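Student: Sequence:
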Amino acid sequence: MYTPPRIHQPESRAVAELGAHLGTLTTITLWHDFLCPWCWVALIQAEKLKAEFGVTFDWRGAELFPPALNYKPGPPKPVDPNAPPSPKTRFDLFVEAEGIVMPTPRPPFVNMHPALLASEYVAVTQGAEKADAFIAAVYRAYWENQADVADPAVLARLAESVDVSAAPLLESVRRDQYVENILGFDDDAYAAGIRHVPTFVFGGEERLAEAPYTSLAHATERFLLRTEKYKNS
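Numbering (our numbering), first residue to last: 1 to 233.
Read the hints as simulated data drawn from the structure, not as lab findings.
A hint or two may mislead.
What the hints assert, rightly or not - The calculated DSS-like cross-link candidates involving lysine-lysine, where the alpha carbons are at most 27 Å apart (straight line), are: (1) K130 x K50; (2) K48 x K231; (3) K48 x K88; (4) K50 x K231; (5) K48 x K130; (6) K88 x K77; (7) K50 x K229; (8) K48 x K229; (9) K130 x K231.
As the list claims (entries may be wrong) - Cβ pair distances, simulated, as ranges: (10) V79 x S12: 45 to 55 Å; (11) E17 x V55: 23 to 33 Å; (12) A16 x E205: 13 to 23 Å; (13) E47 x L93: 14 to 24 Å; (14) R222 x D187: 26 to 36 Å; (15) D92 x S165: 37 to 47 Å; (16) E171 x P78: 38 to 48 Å.
Bear in mind that the values here come from a model prediction, so they are computed numbers and not experimental data.
The beta-carbon is built from N, C-alpha and C at its ideal position, and this holds for glycine as well.
Kindly generate the complete structure, drawing on both the sequences and the hints.
Tutor: The following block contains the structure:
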């Protein structure tokens with residue numbers, strides 16, 4: 001059954017109530033997981049889009065390893081100093097083309113469920129602008145400083161750094177208050193049409209995943225033209 005795209009922000013952020021368009025006509029929705037290196041790049045891209053076009057984003061959690069998977073990473077492989085250099089991956093070539101230098105060393109695996117819950121708390125109670133600041137702080141703490149962003153003390157510090165009261169945020173995380181707002185991989189995310197993170201959804205009509213900045217910029221231009229048309233119709 002066809003689900004028409006919405007013009008205004010939905011009253012509920014529960015993923016069970018998502019329309020087929022995964023957004024609204026006047027919103028750029030960005031599905032992400034802090035764990036994903038492509039999503040670190042998406043943060044940089046989103047900040048460039050914000051500076052160039054004045055757009056804002058509705059950040060939505062799409063959790064790569066939701067609690068139901070009970071994922072436990074194995075020990076890291078020992079480094080062989082005599083091994084030849086590994087061939088460049090698709091991601092290596094992507095960041096090279098984008099002119100982005102990834103932070104080193106790469107941070108270890110962290111359970112991102114608490115950080116995604118905290119982000120939803122900020123989005124629901126403080127709004128998109130504050131959520132944007134909090135999410136950027138979490139990304140930088142994890143990717144630049146290898147911080148354990150599942151640690152309540154770290155989340156509290158990051159919340160206070162953007163003027164969000166830590167105590168109610170941590171209580172919300174402890175209670176899994178906004179767990180229904182987080183989309184889990186693989187089955188639920190695939191069923192919703194999200195097969196990769198990051199996925200940018202432009203106005204509920206166009207989506208791009210793991211895309212270069214030039215493609216995102218052109219999609220943003222088209223989104224702004226459509227938004228202006230809706231305002232004048």
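Student: All hints are to be evaluated individually against the structure, with a verdict given for each.
Tutor: Okay, the hints, checked on the actual structure:
For the hint pairing K130 with K50, the CA-to-CA distance comes to about 14 Å; that is within 27 Å, so the pair holds. Among the hinted pairs, K48 with K231 is consistent with the structure: their alpha-carbon atoms are about 25 Å apart, no more than 27 Å. For the hint linking K48 to K88, the alpha-carbon distance of about 26 Å falls within 27 Å, and the restraint holds. With a C-alpha separation of about 20 Å, the suggested pairing of K50 with K231 holds against the 27 Å cut-off.
As the CA atoms of K48 and K130 are separated by approximately 18 Å, the hinted pair is consistent with the 27 Å bound. Between the alpha carbons of K88 and K77 the distance comes to roughly 18 Å, so the proposed pair stays at or under 27 Å and holds. Annotation: proposed proximity of K50 to K229 holds, straight-line Cα distance about 21 Å (limit 27 Å). Between K48 and K229 the CA atoms are separated by roughly 24 Å; this keeps the pair inside 27 Å, and the hint holds.
A threshold of 27 Å between alpha carbons decides the hint, and for K130 with K231 the separation of about 25 Å falls inside it, so the pair holds. Between V79 and S12 the CB atoms are about 47 Å apart, so this pair conforms to the stated range of 45 to 55 Å. As the Cβ distance of E17 to V55 is approximately 24 Å, the hint placing it in 23 to 33 Å holds. Roughly 22 Å separates the CB atoms of A16 and E205, a value that falls within the hinted 13 to 23 Å.
Checked against the hint of 14 to 24 Å, the C-beta distance between E47 and L93 comes to roughly 22 Å, which is consistent with it. About 31 Å separates the C-beta atoms of R222 and D187, a value consistent with the hinted range of 26 to 36 Å. For the pair D92 and S165, the beta carbons lie near 41 Å from each other, so the given range of 37 to 47 Å is met. The supplied range of 38 to 48 Å is met by E171 and P78, whose beta-carbon atoms lie about 42 Å from each other.
The structure fails none of the hints (numbered hints given earlier).
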